[in-house]
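Student: Next come the chains, spelled out residue by residue.
Number of protein chains: 2
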Amino acid sequence: MVKKYVYLFNEGNASMRNLLGGKGANLAEMTNLGIPVPTGFTVTTEACNKYYEDGKIISDEVINQIHESLAKLEDTSGKKFGSDENPLLVSVRSGARASMPGMMDTILNLGLNDKVVETMAKLTNNPRFAYDSYRRFIQMFSDVVMDIEKRLFENKIDELKEKKGVEFDTDLTAEDLKVLVSEFKEIYKKEKGEDFPQDPKVQLIESVTAVFRSWDNPRAIVYRRLNDIPGEWGTAVNVQQMVFGNKGDTSGTGVVFSRNPATGEKLIYGEYLMNAQGEDVVAGIRTPLPISKLKEQDPKIYQQFEGIVNTLENHYRDMQDMEITIEEGKLYFLQTRNGKRTAQAALKIAVDLVEEGMLTKEEAILKVEPKQLDTLLHPAFYTEDLKKAEPIAKGLPASPGAACGKIAFTAEEAKDRAALDEDVVLVRLETSPEDIEGMIAAKGILTVRGGMTSHAAVVARGMGTCCVAGCGTIKVDEVKRTIEVGGKVYTDKDYISIDGTSGNVYGEKIKTVTPEISGHFATFMGWADEIRKLKVRTNADTPKDAQQAAEFGAEGVGLCRTEHMFFAEDRIMAVRQMITSKDEEQRRRALDKILPMQRADFIGIYEALEGKPVTIRLLDPPLHEFLPNNNEDIKSLAKEMGLSFEELKLTVENLHEFNPMMGHRGCRLAVSYPEIAEMQARAIIEAAIEVKTTKGFDVVPEIMIPLVGEIKELKYVKDVIKDTVESVMEEKNVKLDYKIGTMIEIPRAALTADKIAKEAEFFSFGTNDLTQMTFGFSRDDASKFLSDYYDKKIYEQDPFAKLDQTGVGELVKIAVEKGRATRPGIKLGICGEHGGDPSSVEFCHNIGLDYVSCSPFRVPLARLAAAQAQVKNKR
Amino acid sequence: MVKKYVYLFNEGNASMRNLLGGKGANLAEMTNLGIPVPTGFTVTTEACNKYYEDGKIISDEVINQIHESLAKLEDTSGKKFGSDENPLLVSVRSGARASMPGMMDTILNLGLNDKVVETMAKLTNNPRFAYDSYRRFIQMFSDVVMDIEKRLFENKIDELKEKKGVEFDTDLTAEDLKVLVSEFKEIYKKEKGEDFPQDPKVQLIESVTAVFRSWDNPRAIVYRRLNDIPGEWGTAVNVQQMVFGNKGDTSGTGVVFSRNPATGEKLIYGEYLMNAQGEDVVAGIRTPLPISKLKEQDPKIYQQFEGIVNTLENHYRDMQDMEITIEEGKLYFLQTRNGKRTAQAALKIAVDLVEEGMLTKEEAILKVEPKQLDTLLHPAFYTEDLKKAEPIAKGLPASPGAACGKIAFTAEEAKDRAALDEDVVLVRLETSPEDIEGMIAAKGILTVRGGMTSHAAVVARGMGTCCVAGCGTIKVDEVKRTIEVGGKVYTDKDYISIDGTSGNVYGEKIKTVTPEISGHFATFMGWADEIRKLKVRTNADTPKDAQQAAEFGAEGVGLCRTEHMFFAEDRIMAVRQMITSKDEEQRRRALDKILPMQRADFIGIYEALEGKPVTIRLLDPPLHEFLPNNNEDIKSLAKEMGLSFEELKLTVENLHEFNPMMGHRGCRLAVSYPEIAEMQARAIIEAAIEVKTTKGFDVVPEIMIPLVGEIKELKYVKDVIKDTVESVMEEKNVKLDYKIGTMIEIPRAALTADKIAKEAEFFSFGTNDLTQMTFGFSRDDASKFLSDYYDKKIYEQDPFAKLDQTGVGELVKIAVEKGRATRPGIKLGICGEHGGDPSSVEFCHNIGLDYVSCSPFRVPLARLAAAQAQVKNKR
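Taken in sequence, the protein lines are chains H and P. Just so we're aligned: 380 in full-length UniProt numbering is position 380 of the first sequence, and the numbers increase by one with no gaps anywhere. Just so we're aligned: 390 in full-length UniProt numbering is position 390 of the second sequence, and the numbers increase by one with no gaps anywhere.
Hints should not be assumed to be uniformly reliable.
When chains are identical, the list treats them as one kind, so a pair holds in a single copy or across two.
Taking lysine to any residue pairs in the SDA-like style, the calculated list, with each CA pair at most 20 Å apart, reads [claimed, not checked]:
| hint | residue 1 | residue 2 |
| --- | --- | --- |
| 1 | Lys533 | Arg481 |
| 2 | Lys715 | Glu53 |
| 3 | Lys755 | Ile814 |
| 4 | Lys649 | Thr473 |
| 5 | Lys3 | Arg682 |
| 6 | Lys612 | Tyr738 |
| 7 | Lys295 | Arg317 |
| 8 | Lys582 | Ala638 |
| 9 | Lys695 | Arg213 |
| 10 | Lys712 | Gln805 |
| 11 | Lys511 | Glu422 |
Keep in mind that the hints were calculated from the coordinates and are not lab data.
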């Protein structure tokens, strides 16, 4: 049987979205519902994929089917391609499975040629309309299909307007446009070496091919990456009979929503313009009217329109975004789709639709994009201000929100100036743990280097602070205290504004506004919590973060990194004494100083969570991270510590590592220096006893041993911890429950999880490191080559942002299976950055983890993603 | 049923080696053969394991069984523990499954106490003997069982000898020894706070426990690691009635071999001493006689002895190493085991035993340790010189052999001085690829940093040059051009000698000798080749190495690293131009310069191998490895290259990586700069065409894409190569076969091998990197903490030397299975350092790989290991 690559609108329906694309499926569905839709057909996504498989060639098979469908279209419309009596004009539009607005190409008025344009002029009695359509078509076809620079055509229009002394395109006459048409054709001939194609069938096939090709244009690739759309989906192409909103005063065009997409208010919302085509609305030369005006202008049409809008909303059970055209008093719907909406609107609409009985709670849960919740939790730029601003650079959208302030060049400066109530944005080549206080003080953080999981990005997300990372086009001169972008120099007196959601950087002051969280949020999230099976914890290192996360609904701490506490000003010295110790005894003395501070940290976190479980990870980073690197700093620290420069320098050199990521860190530190683990275990348990005694919270501390790769390694450290815990409990004469488990972040741990589970009472998948080791690339270095990988379509997603289910996910599955085989009740969670990514959360749900843990500001997102996963895949 | 932990000698046999240990099983076997063996019993290895499982406590169950067996021993011997008529004395000796000479502890004369010593004096009419035995027992028991310092006892002996004005222990009288005994008991009491135990049963249980404990002493742990003996084997303990060779002139003791262990000559070989105990032979105070003298001295005893030796050799079908004692004219065999032998002897004995019809070739193949072959291929120290030398330091035995020369501090110096016929040893903190010419010129290489797979180690092994790596106790002052060890300073005028087999470093000149390879080698290796199924290739980057490997029997090149060629003096400049190129065009110009050089390299290698397959890996290291690091060098290079310092410095900075091992390297370079892969593919194919045309060798180049983690990545680079190859073949109008495959060295590649195999025609397991990624530690950094891991018995083996079958091996197995599922005929090999490790070779054989590839000097070893694997596990 011959494969069907082309469907007439009346042959499809809404369920065929994957094959026909969103637009095509909805055009088919509307056709079936009896809604006035200009006739047409859809070339399938499979034809697009075939085009790529065949080496970017459209096959005869597909061409023939297009011609067959075209013939049918001619039959039903009574019009004919190239006819001098009743010529058929069509639009050619892309339509992928997921909506990708503005990402791909559209060609209108296809079918016009030198002969047809005359016929049109006569038929419409409107030569200006005919020639304007023709010149637009030549321009679009040349640009979109033939890749001729748009500018060449625009220059001609500008020249002509100048010559005629007029301001607007609309001031040009039919004769002027006729001249333009012949000039445009000359440009075409000059650029392509052949005449502008006069055969509408050639125009059509070339245009369809151009749409296929546009699936792989750079901006489409980037859009797909940002929106998790796989490249293999392909796009469909819709060929549809043209209708004209610019045929005079009884014609018009409009874009409307069945509810307000900004607020969610239940009221038809939109704009229309009479005697105009879609383009004119966008161009902004004439001001469109609110759709409510149509009711006054043409009540009959409005009534028909309103009826169809309601039909569509009821049919799709969601807010609809529609495109309409009125041609000489006849209403057409050119498109309908579920409308994009703001986060506020999404919540209101979801809650309203449940209350109206249109949706169940489970269905409503699917109506809000988890990532949208981000915008509810962070400041945004004031829209009016933003409209006027031009970005000066673009980095990675590392932590959402918007921030504005004067430039601070060091963390210390940021802290000091913020203390004087100045708004500052901290700009650094990259941040390090020592910068933590400045990062807290700053409104936003901008770094030149580093990716989505760089120190700046991770810490900023944790704090909910806006951050743009890896903005390589900015040149920072730390000595002169300036930054330079595009030839312009900014000092600490200058404002910059950064948008952590888009990655945009602005060289000016832009006002920010903090969103209000409505009651709908609570209602909606309540439903999410009812539905989901996967628990959501948070990654929090401080009582403040833990508190914040608890307010956002975290059900515990999944990862408390103990090393961040080590950098605080009041304890880094003790930590450094510990590191430079000559022997165990000296080290123990230094650790004794750190003990009470760690204990206080843990008390704070336990109290913030009021007895919810807390997973505390033992010291993880290599020790050299706590020491300075350059001779200057070593000198001054040596002095401070009462060591000789040579002594300290030698320590620093001895601790130097070629690949710190794979160095002396994690549980390897505890193997070499068990006294560190002892101190931490003591602090964890003493704090739990304190909180139990004074506040009555029954904390069950979960002590997590990082970077385990071998059961004996885990056993060794576990024994050290257990001995300490038991003796603390004996000293204090208090018994409490606790768990000892491990992070699974080394491939070998996953591969030998059956053995590891003999000793581990819980696994927490550290998917950041597991991703690094599984892919064999360091997240700090990968940004250098990942862009080449995206360009060449090798990777479509940043594996540090979205869990790689094929490779890393395979290891996680192996570990889950093997771990449960040994210890059926083992508690399983994930604490990598992926815990806050919706598709990764879904994966965790599907493979049966108990919880995900993510940064505080991502907790709501994870709760929603978990609920959606349960609706999609009940477990 | 009660588990049996103790076996009388007549209850066991040779097949029970795992349970009874080697010594115990052989004592049982000899007993059954009717050979005169003093009676006794063996406490099993399971009892040892139980001791550790029970938390280092010997259980009552085991104690009771020992007491029961002791009672039986008393019955059969007619002697009794502590008896004042006929007291039983026993020896307590360890005996593990594998022989570990000198590694664990022995206690002799157990059963003596203040009363028994008197009885013995009377019974033997030899009070001197009795008291000498007692003082020895106290000394041994105190040292071995009670951990009292030996020195304390030796001091007393020295004091006494001085006081008496005598030179030798043997000059001390019975009365002197009696005094010593009481002084020894005082020391014991002072040290332990209690009297020396008088109850022989207490002495016995304490001693058995001490032997169990000694299984885990540091030197035993190190020995096990060097000899691949798992910790969980445990040791057995043999308790045997004492016989005395020191009871007068009709008594004696000896150590004999059924053939000469140094040469393999078929002649009973050994030494004996009358009126002596084993200890005396070792102490070297009296000179033992060759065993042939015994024939003259006591022909009757000798005849019995010779008969038993022949019986044992025929029974065990191998050269035996035996211990005998003659007590008052009665001959006893205290031990027999397959004798240790030199490599030369091992080969001769194996070949002779086959010729004598005692062994089949398959059995003979198992009689030579693969690692022994190393000593046949490398120089060794002249034994007489070595005896007089004392090591000044010890590093890692990174590449076998011995070397002696004056110290050279830089590679350039080594090269220059070697050119003047001076023998030099290159001493560096660590080596880098730029040092290659100096490394070739030096007799040996000594580094302060780096492990078994550091640059120095890998390159040295490849060249067959002796190397000691990671010798941290040496302080190198590169400015003063001195090294300091233990307070002594050495300059470039001083000789040092290094032993790459032991890791020893000597601060003096020691003569080296080059071994002769006998005809037995060829015969024996011929059998190995007949038997084995696994092919053996070599890792070789130069024609010279390839040639050497071919002489050693390599069947092709499994890994030709193309980057080593990049460092040669005549091309590094072109490589640097390539790296500092501003755009593709500039880069292509630089690559054009490199092309003819690469082509010449490949021609050389193809020719050396005369048409055998050659796997060539595309450029692998990150580009910054080719640029200098410090400002000085950058400055001078910038000048040389006509760049500004700032420009070059910026390039160096931009290329800097946090974790180079996980950075922009391997196929990632080819993705970013496909023109590099193009140039290399062109050189590979042009060279093959050249060699085919001029020499008639039909080379099938195997182009290997490194560091692949994702199928699309492989596909991209493969397409680049394929296009180049096809166009080269078209240009030259020659067709030839070639293969494109990949290294499996990233966990994700192994996990997705079913996908990878769609594009890869072969897999070569890069187990060096795969080990790093699977364990999550960098081989450059791991040496810092691995020693802690060995000390704490977490790892018993260096996973970079011996393939970790549990974790890394699991990934290899997954990849083999998945790869074969997609492409049943896929060629599978291994090219990591593990290709030259016998147990890893066996693993590769067992999982069905097609070949292993190792450095040239390990090829014979791998051939033998492969044959042994086939004998052990037919496939």
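Student: For Lys755 vs Ile814, is the C-alpha pair at or below 20 Å within one copy, between two copies, both, or neither?
Tutor: Answer is both: 12 Å inside a copy and 18 Å across each meet the 20 Å cutoff.
Student: Could you place Lys582 and Ala638 in one of the four classes (within, between, both, neither) given a Cα distance threshold of 20 Å?
Tutor: within (15 Å within a copy, 43 Å between copies)
Student: Pop the pair Lys715 and Glu53 into one bin, within, between, both or neither, using alpha-carbon distances up to 20 Å.
Tutor: between (52 Å within a copy, 14 Å between copies)
Student: My question is about Lys649 and Thr473: at a cut-off of 20 Å on alpha-carbon distance, are they close within one copy, between copies, both, or neither?
Tutor: Only across copies: Lys649 and Thr473 sit 18 Å apart there, 35 Å inside one copy, limit 20 Å.
Student: Classify it for me, Lys695 with Arg213: is the Cα-Cα distance of at most 20 Å met within a copy, between copies, both or neither?
Tutor: Intra 65 Å, inter 49 Å, cutoff 20 Å: neither.
Student: Could you figure out if Lys295 and Arg317 sit no more than 20 Å apart (CA to CA) within one copy, between two copies, both or neither?
Tutor: Classified as neither; 24 Å inside a copy, 109 Å across copies.
Student: First find the shortest C-alpha distance between Lys712 and Gln805 inside one copy, then the shortest across copies, and answer within, between, both or neither for a cut-off of 20 Å.
Tutor: between (29 Å within a copy, 16 Å between copies)
Student: Can you give me the call for Lys533 and Arg481, within, between, both or neither, at a CA distance of at most 20 Å?
Tutor: neither (51 Å within a copy, 68 Å between copies)
Student: Check Lys3 against Arg682 for me: Cα-Cα at most 20 Å, and say if that holds within a copy, between copies, both or neither.
Tutor: Classified as neither; 69 Å inside a copy, 42 Å across copies.
Student: Give the relationship of Lys612 and Tyr738 under a CA distance limit of 20 Å: within one copy only, between copies only, both, or neither.
Tutor: within (13 Å within a copy, 62 Å between copies)
Student: With identical chains, the pair Lys511 and Glu422 could be close in the same copy or across copies; at 20 Å between alpha carbons, which is it: within, between, both, or neither?
Tutor: Result: close within a single copy only, 15 Å intra versus 76 Å inter.
In summary, the numbered hints that this structure violates are 1, 5, 7, 9.
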